[in-house]
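Residues in the sequence shown are numbered consecutively from 1, following the numbering used here.
No wet-lab data here; the hints were simulated from the structure.
A portion of the hints provided could be inaccurate.
[Stated by the list, open to error] Only pairs whose alpha carbons sit at most 27 angstroms apart, straight line, appear in this in silico DSSO-like list of lysine-lysine:
1. Lys559 with Lys453
2. Lys77 with Lys141
3. Lys237 with Lys330
4. Lys453 with Lys558
5. Lys477 with Lys407
6. Lys558 with Lys502
7. Lys213 with Lys77
8. Lys450 with Lys478
9. Lys559 with Lys478
10. Lys184 with Lys213
11. Lys558 with Lys478
12. Lys237 with Lys213
13. Lys105 with Lys559
14. Lys450 with Lys558
15. Lys105 with Lys558
16. Lys502 with Lys411
17. Lys559 with Lys450
18. Lys635 with Lys669
19. Lys179 with Lys237
20. Lys478 with Lys502
21. Lys105 with Lys453
22. Lys407 with Lys450
23. Lys407 with Lys558
24. Lys453 with Lys478
25. Lys394 with Lys411
26. Lys558 with Lys411
27. Lys558 with Lys477
28. Lys237 with Lys168
29. Lys226 with Lys330
30. Lys102 with Lys133
31. Lys77 with Lys394
32. Lys411 with Lys450
33. Lys450 with Lys477
34. Lys213 with Lys168
35. Lys133 with Lys105
36. Lys394 with Lys102
37. Lys168 with Lys133
38. Lys477 with Lys502
39. Lys168 with Lys184
Bear in mind that the values here come from a model prediction, so they are computed numbers and not experimental data.
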Amino acid sequence: MKLRHLHLIVPILSAFLLHPSTASAQSWTADNGNGTYTNPLFYDEFSDPDILRVGDDYYLAGTTMHTVPGLVILHSKDLVNWENISYCFDRFDFDDDAFSLKNHKEIYGQGVWAPAIRYANGQFYVFTNINGKGLQCYTSKDIRGPWEHHNMQGRIYDLSVLFDDDGKIYAIHGYGEVKCTELKPDMSGPIEETERTIIPEGNAVGEGHHIYKIGGMYYLISTDYKPNGRTLCSRSKSIWGPYETITITADETFGYHAASITQVPRGEQYRIGHDGTKFGIPEVDRDATACTNIHQGGIVEDQNGQWWALLMMDFHSIGRTVTLAPITWKDGWPMLGLEGNLGRAPRTWLKPAISRNEEGGVRSEVTAFAPYTRSDDFNYSPSTLHTPHSTRLKPIWQWNHNPDDTKWSLKNGRLRLQSMPAEQLMWARNTLTQRVIGPKSTATVELYTKGLKDGDVAGLGNINVPCSWIGVVKEGKKTILRCFEQAINDTIDVEVALPQDKIWLRMVGDYDHDQAHYEYALDGERYQQIGREMPLSYQLITFQGSRHALFAFNHQGKKGGYAEFDNFTVDEPMADRSENIPYGKTLASPSAADRWFRIINLATERPAIATEHGLLYDTAPSDQSKQTRFRIIDKGQGQVILQCEDGRYVFCAGYSLAGDVRLTTDESKAEVFMWQDYLNHEFMLMSMRTHRYIGKSSTTGSPYSMDFPGADPARRNGAVLRWE
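Can you build the whole structure from these sequences, using the hints too?
Below, the structure is given as structure tokens:
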């Protein structure tokens, strides 16, 4: 492997990069605080969502793969703000070394995936497949547990379950050739002789099924990835078919291109700990939808009769995230999106008006909050320390495979990890992880090294393929700071003096742009970057995005010492979007000329101009006339009108391509738009009248029109704008 040594005794140098040690308490939430929400619901990974409503409560179950606690369940009252309330199990209860990273066995990319959550017979059911072990079911009368595990076995995976009106229980499963199998009421297994094909191959139906019975009709929501991602609906009057199928959404990427996917050479089976130079992270086609579009997930009806889809989306190196989209029923089909623009979905839309006040009436607002508390000082209460080992930590944390509970503890307000033999991070037992959060975030942790012994390695890493980490290596009496990047098989060593046996480690991530780097400090204030700006990827080996990891292992195969961690903080500089979305204020006023702004089309890179002829067109970048300056006037609930500095207002005359974007002096005729926030001053304007977007072609020479269903993956079809 490549090894670069910087043999330096490193004091605190004035040449260090200056990064103030700040930690924001604010975390990304989809709730904009004005009656609207902006996708994604979470800016961190939550794969294969399945949605359930019981009364006024909503529950969301998702994939957790090889990490524990497993089978996560979130709760919401409004479909926008969610909290983590349960896991179905604390650890895998199979007597198999692979679930615990023992004897060079592992279940990366396996474990729990694609669950189905249901409520029937006075209890909750969560079904899932576990590779090699078959179909599993977890039941509880209380959503918070405890949960009873039923090993149903059988070869049923990626399933959905329906408790039908006649008491029978059906599992829908399979890719392409869709099958239906009855399940035994006691959850002891499938009734094998009942399995039948209900949709034969050749009907363009995929997998990830979600089955519902609505108005006496059976509806099956599925996802397909050949040749690219689409979400389908099949319907029939009988569970056994025949079914007719249509696509209910396609190409909705919200203007995000596909992530780079780690590639393994053909003919070579990936091995954890592989020489990183043997696989790559290729460039992607930014114009291609691929499987980035919203797909696989469930639908739900709220208390007011409005239907919603909660679908996942491959979201760069973050992994898969959850999106919320309104459903419009059309000719008996649950089409995603709004009338006039079916099949697409707004990134920003009105929150469901379904929350209840104390008098039982409906209200539209609840206090915005994030599903997890990400930062952790490990100062747990005495009552927490007396709970079972596996439930002591905050819900955001998950172990990489089953932990050895005798080799970790919470002591004196710190997390202590005892070092066990491992040749590399991906084989290190008792590695504690949590998902990274976008669009940008910085994770910092204090590492105490006094307990390390010869051969011990401890630090902060990224559990992904390829992996990377920054940490301290104990080599005899030497203390070495090491940065390792598996993608290029590169190791950077810096010999350091730690008089207080303490060092600060940091990962700085820009996950919208799939890159990150490591930093360290000897005083907690002045940070020095080590290593390069690393490319990040999503990958189908562990089926997860990037994850922060606190680890300790001994690379010499010895029984080592221990590392202690304290004050893990996550700072999200872009969580506060109040300067991006113009709600509750006017961005500019007629008396504040310096606050008028220009609108640049990303496709043409030219500013918009309100022509004297009465059309919205584009002009030369050097044009600074008042016809190129605009202001946003807030109309409430994320809705705005657009005014030119010359006093005229923007309105749309007509529909689609014939819908010219024109100017009027009558404010009452101004078009009301829903502002679609894309961060970094980028946005779209969706007409509340037609549910389509204004935009301008970069090739035809036509003026702005209302012909755009949404953004393309590269944001260069003319619908995405930037204000400056």
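Results for each hint:
1. Lys559 with Lys453: Roughly 9 angstroms between the alpha carbons, so the hint for Lys559 and Lys453 holds.
2. Lys77 with Lys141: holds, 19 angstroms
3. Lys237 with Lys330: Holds, at roughly 17 angstroms.
4. Lys453 with Lys558: holds, 9 angstroms
5. Lys477 with Lys407: holds, 24 angstroms
6. Lys558 with Lys502: holds, 23 angstroms
7. Lys213 with Lys77: The hint holds at about 23 angstroms.
8. Lys450 with Lys478: Satisfied, since the Cα-Cα distance of roughly 12 angstroms is no more than 27 angstroms.
9. Lys559 with Lys478: Holds, at roughly 18 angstroms.
10. Lys184 with Lys213: holds, 20 angstroms
11. Lys558 with Lys478: holds, 17 angstroms
12. Lys237 with Lys213: Given that 27 angstroms is the threshold and the Cα spacing comes to 9 angstroms, the pair holds.
13. Lys105 with Lys559: holds, 19 angstroms
14. Lys450 with Lys558: holds, 17 angstroms
15. Lys105 with Lys558: Within the cut-off at roughly 19 angstroms; holds.
16. Lys502 with Lys411: holds, 16 angstroms
17. Lys559 with Lys450: holds, 16 angstroms
18. Lys635 with Lys669: holds, 14 angstroms
19. Lys179 with Lys237: Holds: Lys179 and Lys237 sit about 16 angstroms apart, inside 27 angstroms.
20. Lys478 with Lys502: holds, 14 angstroms
21. Lys105 with Lys453: It holds: about 26 angstroms lies between the C-alpha atoms, which stays within 27 angstroms.
22. Lys407 with Lys450: holds, 17 angstroms
23. Lys407 with Lys558: holds, 14 angstroms
24. Lys453 with Lys478: It holds: about 10 angstroms lies between the C-alpha atoms, which stays within 27 angstroms.
25. Lys394 with Lys411: holds, 15 angstroms
26. Lys558 with Lys411: Judged against 27 angstroms, a Cα distance of about 23 angstroms means the pair holds.
27. Lys558 with Lys477: Status holds; Cα separation ~16 angstroms.
28. Lys237 with Lys168: holds, 16 angstroms
29. Lys226 with Lys330: This hinted pair holds, its Cα atoms lying about 25 angstroms apart.
30. Lys102 with Lys133: holds, 18 angstroms
31. Lys77 with Lys394: holds, 22 angstroms
32. Lys411 with Lys450: holds, 14 angstroms
33. Lys450 with Lys477: holds, 12 angstroms
34. Lys213 with Lys168: holds, 13 angstroms
35. Lys133 with Lys105: Distance ~15 angstroms between Lys133 and Lys105 Cα, so the pair holds.
36. Lys394 with Lys102: holds, 25 angstroms
37. Lys168 with Lys133: Holds, at roughly 24 angstroms.
38. Lys477 with Lys502: holds, 16 angstroms
39. Lys168 with Lys184: Distance of about 8 angstroms is within 27 angstroms: holds.
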